[in-house]
Amino acid sequence: MKLFNPFTLIVALIFLLTPTQESQARIIQTAVSSPTPATTHTESANSQELVFTLTTPLVEQANGRLSISGLDQTIAEANAPALPYYTTLIALPPQASATVTVTPSDLSHTEAGFVAPMAVPELANSAALPSGSDMLDSTILASGIDSSPNPAIYQTNALYPRTLYTVSELMMYRDVRLVRLQLFPVRYNPVSGWLQQSQTLRVAISFEGGVVPSQLPVADPALDVLKTAVFNPQHLQSWRQLPANVAQAPATELPIGVDTFKIEITEDGLYDISYADLQAAGMNVATINPHTITMLHRGQPVATQLIGDSDNQFEPGEAIRFYGWAFNGTRFEKLYADTNIFWLWAGGTETAVSNQPN
640 MKLFNPFTLI VALIFLLTPT QESQARIIQT AVSSPTPATT HTESANSQEL VFTLTTPLVE
700 QANGRLSISG LDQTIAEANA PALPYYTTLI ALPPQASATV TVTPSDLSHT EAGFVAPMAV
760 PELANSAALP SGSDMLDSTI LASGIDSSPN PAIYQTNALY PRTLYTVSEL MMYRDVRLVR
820 LQLFPVRYNP VSGWLQQSQT LRVAISFEGG VVPSQLPVAD PALDVLKTAV FNPQHLQSWR
880 QLPANVAQAP ATELPIGVDT FKIEITEDGL YDISYADLQA AGMNVATINP HTITMLHRGQ
940 PVATQLIGDS DNQFEPGEAI RFYGWAFNGT RFEKLYADTN IFWLWAGGTE TAVSNQPN
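Residue 997 is where the sequence shown ends in the numbering used here, and the numbering goes up by one at each step.
Keep in mind that the hints were calculated from the coordinates and are not lab data. Bear in mind that the values here come from a model prediction, so they are computed numbers and not experimental data. Positions of the beta carbon are idealized from the N, C-alpha and C atoms, including for glycine. Take the hints with a grain of salt, since some may be wrong.
To be verified - Computed beta-carbon distance windows for the label pairs: (1) Leu909 x Ser877: 44 to 54 Å; (2) Ile946 x Pro760: 49 to 59 Å; (3) Ala755 x Met811: 57 to 67 Å; (4) Gly921 x Asp948: 49 to 59 Å; (5) Ser786 x Gly832: 36 to 46 Å; (6) Thr742 x Tyr910: 53 to 63 Å.
Work out the full structure: start from the sequences and follow the hints.
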């Protein structure tokens with residue numbers, strides 16, 4: 640019988656096992672690696688322009704869902720393809736208009752097949768609500784999830800979204816002018832099932848007509864909450880300015896040493912302030928001349944009409960009539976105020992309502 644050398648056998652096993660272990664190590668390393676997340680790089684940021692690039696890794700797909708590493712936002716249009724995208728706020732110089740140019744590069748095309756739509760709650764039919772239900776209407780009750788594709792989008796042989804970017808209307812946060820920019824590096828043709836990705840998007844925003852204040856206002860700590868949401872947070876403090884209709888409004892100058900009364904209005908209409916109303920509010924009505932009653936709103940005189948006789952004595956039963964209107968500020972201002980303020984005092988200059996013949 641021929642005997643094998645045990646040393647030779649052990650060496651052979653080592654050589655047979657070693658490559659397999661190295662191969663397994665390489666496979667594990669490949670499985671845990673992840674793409675470089677999306678990044679932005681700023682080329683220029685000043686009062687004339689803002690230029691930056693958005694670089695994204697290749698889109699990934701799993702179970703009909705798309706994702707791009709580093710992009711956390713998904714297009715939320717109901718029953719439209721749920722595509723990842725990039726969004727940010729841009730601060731604008733005071734009084735400036737903005738022109739946006741987006742240039743794509745590093746294009747790639749991928750056959751993705753079906754991309755699932757954004758699912759939305761399916762609303763119940765109000766007719767199905769029980770009699771006497773506290774539900775206001777069918778928009779209150781969700782009976783399930785609607786994940787059906789929107790035919791208007793999924794049967795159109797064109798890229799969705801139609802454009803590489805969108806820019807919102809001008810917004811105001813306190814005294815800073817902002818717009819929201821949305822970039823769509825991945826677009827989808829639902830008929831062909833192909834994706835088009837622009838891995839690099841160069842964004843050039845030019846500012847025209849801007850006027851940067853020479854004197855900087857006092858720092859506003861309330862703007863700190865915007866620093867992580869605005870692409871150019873370094874300009875938040877230096878580009879603060881009130882809208883023209885507010886900044887150019889006349890100052891409200893009230894008399895000193897004179898009893899002044901604040902009137903709050905919530906609805907449009909004609910209002911009468913009677914002798915008894917002013918007396919209850921603390922005015923010494925017996926000693927005033929009603930033709931010296933003055934009203935002011937945001938620095939502008941308000942026309943009034945004396946309801947009563949034409950003498951210079953304010954008497955019981957008489958009243959001051961004026962037209963008041965509800966607060967009409969911006970939508971943002973209406974979050975913090977819902978009443979309009981008028982001011983009234985005696986001893987000033989009357990602005991009488993003029994009469995026009997019919």
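Tested hints:
1. At about 46 Å, the beta-carbon gap between Leu909 and Ser877 stays in the expected band of 44 to 54 Å.
2. At about 55 Å, the beta-carbon gap between Ile946 and Pro760 stays in the expected band of 49 to 59 Å.
3. At about 37 Å, the beta-carbon gap between Ala755 and Met811 misses the expected band of 57 to 67 Å.
4. Between Gly921 and Asp948 the C-beta distance comes to about 24 Å, which lies outside the given range of 49 to 59 Å.
5. Restraint check, Ser786 to Gly832: a C-beta distance of roughly 18 Å breaks the suggested window 36 to 46 Å.
6. Between Thr742 and Tyr910 the Cβ separation comes to about 58 Å, which falls inside the hinted range of 53 to 63 Å.
Violated hints, listed in ascending order, are 3, 4 and 5; each of the other numbered hints is respected by the structure.
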